[in-house]
Amino acid sequence: MTESPLTRATLLLRLRDPSDSDAWSEFLRDYGPMIYRFVRSRGLQDADAVDLMQDVLRSVGMAISRLEYEKEKGGFRAWLFTITRNKLYTYFQKRKRIGPTGNDTAQFEMLKQTADGADDLKHQWEIEHQRQLLSRAVEIVKPQIESKTWEAFRLTAVDGMSAAEVSRKLNMKSGSVYVARSRVTAKLRVEVERLLAEGN
Amino acid sequence: MPVASICPDQKTLTQLIEGALPDADLKRWTDHLGDCGNCQAAIQTIATGAIEIDRYVGELVSIDPPDESSYWQVVKELEIDLKTSAERPAFADTQARSGERDAERPSDEQKRDLSASSTSDFPFLEPSSDPAFIGQLHHFLIARVIGRGGMGIVLEAFDTHLQRNVAIKVLNPQIQQNEIARQRFCREGRAAAAISHEHVVSMHHVAKANEGEIAYLVMQLIEGETLENRMKEGRPLPAKEVARIGMQIAAGLSAAHSREMVHRDIKPANILIEAETERVKLTDFGLARATDDIKLTKTGMVAGTPLYMAPEQAMGGTTDERSDLFSMGAVMYEMATGISPFQAASAVGVMKKIMDEMPTPPHLINSEITKPLSGLIMALIAKEPEDRPESSASIATVLAGLVSEFGPISPLQVPAVTAHEAKKLSGNHQMGNQQMVDRRKMVAWTGGVIVIVALVIAGIVWALQLAQSKSQNDDFPSVLLAGNPGTVWSVDFSADGQDIAAAIEDGSVRLWNIETQTVTKRFNAHRGAVWMVKFHPTRPIVATCGDDSRVKLWDSSSFELLKEWHAENTVRGIAFSPNGKRIIAGDREGVIHVYDIDSGKELATASQSGSILAIDYSSDGKLIATAGSDKIVRVWDAQSLNERQTMSGHDGPIYNVRFADSGAMLATVGWNKNIRIWNAETGSEIYQLDGSDGDVWGVAFCVDGQHLVTGGQDAAARVFDLADGSVIATLRGHESAVHNIALDTDRGRIATCSRDGTIRVWDLSRLQH
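Protein sequence lines, in the order shown, are assigned to chains A and B. Sequential numbering from 932 applies to the first sequence in the numbering used here. Sequential numbering from 89 applies to the second sequence in the numbering used here.
For the record, the hints were derived by calculation from the structure and aren't laboratory data. Note that the coordinates shown come from a computational prediction; the quantities given were computed from them, not determined experimentally. Ideal Cβ placement from N, Cα and C applies to all residues, glycine included. Check the hints yourself; a few may be wrong.
[Stated by the list, open to error] Beyond 10 Å from chain A on every Cβ pair, some chain B residues (computed):
#1 K328
#2 R347
#3 V350
#4 N730
#5 Q776
[What the hints assert, rightly or not] Just the calculated beta-carbon pair ranges, DEER-fashion:
#6 P1074(A) with R275(B): 53 to 63 Å
#7 K1073(A) with E214(B): 38 to 48 Å
#8 R947(A) with E311(B): 15 to 25 Å
#9 A1009(A) with A129(B): 30 to 40 Å
#10 D444(B) with R947(A): 46 to 56 Å
Given the sequences, and given the hints that come with them, work out the whole structure.
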């Protein structure tokens, strides 16, 4: 990925052109895993989650040119959430007729609730979104970081190794390990904040 | 090494993160950090900020769906599709959902963007000289990919020869390479081409693979969505829609079944719903056979989920028309309930259910579904073929009754059934009995649930009565002869009433057999449009005239050219004298020609102002009437061609003129809703008839001059009662202007032909009583 990613606004505008495969690929890369994870977190099996994700993509493809998301409070992300939520609702409604499980009923009730009950769902969606942004931030930040520094960060923050272990492994002072970790973390945070601002 | 014992402040830690400290400080605080737990926590807190970066970072490993998830396969497919198509085939079947169509349609510009990237993905395409198209296949310009299926790819194309849009199905390479499958593909394609029906996608052409070429099918292009797409929300459709769509599926099947063709793969994805009209169109007739060869040899079992497959099919036994009925029942069940009747987690599970289980009757799941409709659906999915209803045509008829239970339905949605069925439908008493027999058989499977049987029969009888009382005057069934290559300007019945000759815009004449709905003969008759075709009153001769100024006589069995005359200009109207010795023609220069059929001599000519658009002989052969662009109706002495009457009143061009079967009554029709009846002897106007919507093109008297039939711009034909000028029937079904009308007096039928390229034969015998 040598090209810099499209800004959100540009991407959304470009999505209105159904033949803009670059824009659609990027959209898929950015939002596909997020929708998938969100739906899985509601208790769907892999195959159902993938189907539902495709359904969401279809709806986005059909409706994006109407710029509905501009009217929705919270912009595109909130709009995407509404679409996904509706698809989940339909899914559980169908399941309910076939023979609901305990989880289905709980989920269904949650989806049916509007304001208050939906908060939890919305919160989950936001977490997935930030996770998604972080994954993009990693892509952007990693090339800018010296590899030893990145390793120190990865081993401590991601793999959960202690600073002492990492310092032995990478042959660096343990204080440097802490500094490395905090520096990468801070850079990632700045990037996520930037992406967030762009998305809004 | 001295380690600072005092902790750095927030500012210092921030600078440490940002790399803004001088080297000495950097070293000092870094060393401090190695030993100070407080500062280790503090610096990370500063780095993280309000967002829980730490928490997410810890989960980074699991951010993507797991490797074994089908997510990756789907994303890969989506990306391939995105790169190869203008409209993202993955989403393509949703393109026509109402209201979203325009937004979804790619602009020419978008199509152009695509052209560069896509040609290479379809090696069988030659580059197109027009950048608006992806490529070219013979004389077809390929505009876009409509969809992909197991069998191949479907393309939207423009036929440069016939100047129309078509759909092209190109076999996938697996099938192309399998000789048996390819031959079967072509054979089934040809068989499907014989079906001409409003609820079947017309097959235009089968391109057999020559050396180094590919096999493909050229079909009618349907703008719309699949039933699969319409049902994808998993919700039941409205009950009326279930019955209407079912009725039209059954009607489409009956067209194939009457030719002993079996579809074999009726499923929601093969049922198209036209966007504008909501009409159902079946596609892929018989093609399942071609793919079966591949799937069986490839994997040893039938691929995909056999959700709609009949038990005998799932077992690998012989399939026939009744297997299609089962599949249709399964599809209707899903429409009625939102659930596929034999749904299971695996293909094997589905098959097991198909073999062993009966689903809950639809009316118990969805209270909107009436018991008769539910009963019919359950009868269709009976395990044993012999327990299913008798024929698709009878089901279409029963469903037509059920549809009307849910309220009025547009006559446009009442399908044409086979010629045989149309007769049955319009005859009154016979039909009831016939239906009862079928119904009883149909519900026999319920195994003595007498209440249901009684209810069903009562329901049907009631529905039929309702249908009859309500639609006494409209909803006449018609036999559809579709797929003519352009506007049909005129039609005529053969003397025995079995055939219809059609004069077509592209210069050809087609002979249709009404019973089989097939074209038995076609030939090029004129350069430019053929304007009229007429059977000789007694001899085996057909006359035609056209844009090329010629009047031609043809042998009506061999269609060899017998005689030919050359008029001054385009000939729009011809008529045989009642004794059959002469033929008259009127041309655009306003010249009347009288020709002797035997000698071939031109006996007389006369001219008038304006163009002649129509001409006719009176029933006794003594008078000739002409009408045309100068808004005047003229009556001439047939022998001398002296002008006897001129009659004014039309406020625009007159498109047609016709004498009554006896007497001097004359009807003219034309621009701006004009329908006028005249007395040719006295030159006086008798009536003006109202009731038409727009220009009127065709006219004919019937039932000994008691009724007048007209056809016009509003795509309808109307039957007027001349006793009081009232409209007693409106015949709807054509999609565009009706241009001409022919009568088959002996059998009480009329034929209408239209700009929509179709001919409809209507049985109006009940109006004669």
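Do the hints match the structure? See the list:
Distance check on K328(B): its Cβ is at least 21 Å (rounded) from any Cβ of chain A, clearing the 10 Å threshold; non-interface status holds. Chain A leaves R347(B) outside its interface by the beta-carbon criterion, the shortest separation being 38 Å against a cut-off of 10 Å. At roughly 31 Å from the closest C-beta of chain A, the C-beta of V350(B) stays outside 10 Å, upholding its exclusion from the interface. Its beta-carbon lying about 69 Å from the closest one in chain A, N730(B) satisfies the requirement of being farther than 10 Å from that chain.
For Q776(B), the requirement that its beta carbon stay farther than 10 Å from each beta carbon of chain A is met, with the minimum near 50 Å. The given range of 53 to 63 Å is respected by P1074(A) and R275(B), whose C-beta atoms sit roughly 59 Å from each other. Between K1073(A) and E214(B) the beta carbon distance is about 46 Å. The supplied range of 38 to 48 Å therefore holds. Range check, R947(A) to E311(B): about 21 Å between beta-carbon atoms, so the 15 to 25 Å window is met.
The hinted range of 30 to 40 Å is satisfied by A1009(A) and A129(B), whose Cβ atoms lie roughly 35 Å apart. In this structure the supplied range 46 to 56 Å holds for D444(B) paired with R947(A), their Cβ-Cβ distance being about 50 Å.
When each numbered hint is compared with the structure, no violation occurs for any of them.
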